[in-house]
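Going down the list, the protein sequences come from chains A and B. Numbered according to my numbering, the first sequence terminates at residue 142, and the numbering increases by one at each position without gaps. Numbered according to my numbering, the second sequence terminates at residue 784, and the numbering increases by one at each position without gaps.
Treat the hints with care, since some could be wrong.
[What the hints assert, rightly or not] With a straight-line cut-off of 20 Å between C-alpha atoms, the simulated DMTMM-like cross-links for lysine to aspartate or glutamate are:
hint	chain 1	residue 1	chain 2	residue 2
1	A	K96	B	D727
2	A	K96	A	E106
3	A	K49	B	E757
By construction, these hints were calculated from the structure, which means they are not laboratory data.
Chain residues, written in single-letter form:
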Amino acid sequence: MESFPLDVLAELLVVLLIVIAGVFGLVGSYGLAKLPDLMTRLHAPTKATTLGVGGALLASMVYFLSSGTFTLHELLITLFLLLTAPITAHMVAKAYLHAHGAQELLPPTGRKYGWASFDAAPPSGGDALDSIEAPRLAED
Amino acid sequence: MIEYALLFGFGCFGLALGLNLWRLAKGPTIADRVLALDTMVINGIAILMLFGIQFGTTVYFEASLLFAMVGFISTVAFTKFVLRGDIIE
Numbered sequence: 003m004e005s006f007p008l009d010v011l012a013e014l015l016v017v018l019l020i021v022i023a024g025v026f027g028l029v030g031s032y033g034l035a036k037l038p039d040l041m042t043r044l045h046a047p048t049k050a051t052t053l054g055v056g057g058a059l060l061a062s063m064v065y066f067l068s069s070g071t072f073t074l075h076e077l078l079i080t081l082f083l084l085l086t087a088p089i090t091a092h093m094v095a096k097a098y099l100h101a102h103g104a105q106e107l108l109p110p111t112g113r114k115y116g117w118a119s120f121d122a123a124p125p126s127g128g129d130a131l132d133s134i135e136a137p138r139l140a141e142d
Numbered sequence: 696m697i698e699y700a701l702l703f704g705f706g707c708f709g710l711a712l713g714l715n716l717w718r719l720a721k722g723p724t725i726a727d728r729v730l731a732l733d734t735m736v737i738n739g740i741a742i743l744m745l746f747g748i749q750f751g752t753t754v755y756f757e758a759s760l761l762f763a764m765v766g767f768i769s770t771v772a773f774t775k776f777v778l779r780g781d782i783i784e
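Sequences are here, hints too, so could you generate the full structure?
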């Protein structure tokens, strides 16, 4: 429970990072609650909140580094979150578009099977790639 | 001084969790709810890190790493289920 003895500079850095992290996390979640549409709402958590968590992880790393124990866990968590935030944003946007009629906006694929999020999967096995027809290029 | 910053951070992220919960309950579409759950996971990771600073232990790192992985996998599973009606085809 007792706090480690810290240098003044490290303590100031930790305090600054915690405050920045809190402000960014709050702004991201406020944007999630406030913005009018899902496609605008998607911006707030995936950018601001990820930055907020990055600030908290950096604060933790500076704190434990200045108290003498060096760990790589924070870097792992930061890397994992920064890698997965765009993937989740992409998947959520894809699910939203799928549920709200993007099918009419898509061009035909020119193949035997349609777009991946609207048609059923091709039968598994070796013949799935062989049965794809050549794309229609010259006809119009 | 660091205690006041931790209090500020806990307040900010707690309020953020409340806002996410409101969006989770209200959200008109199912994608809103998935997004709110994903943001709740991220805010929970931040609160775990602040707990780790407050109590001076490194126990919470494993917890938050597991939390991040489970949150990502569950978000992808939810969206795959919305997209295809199935998770593993």
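Hints versus structure:
{"no.": "1", "hint": "A/K96 / B/D727", "result": "holds (12 Å)"}
{"no.": "2", "hint": "A/K96 / A/E106", "result": "holds (15 Å)"}
{"no.": "3", "hint": "A/K49 / B/E757", "result": "violated (24 Å)"}
Checked against the numbered hints listed earlier, the structure breaks hint 3 alone; every other hint is satisfied.
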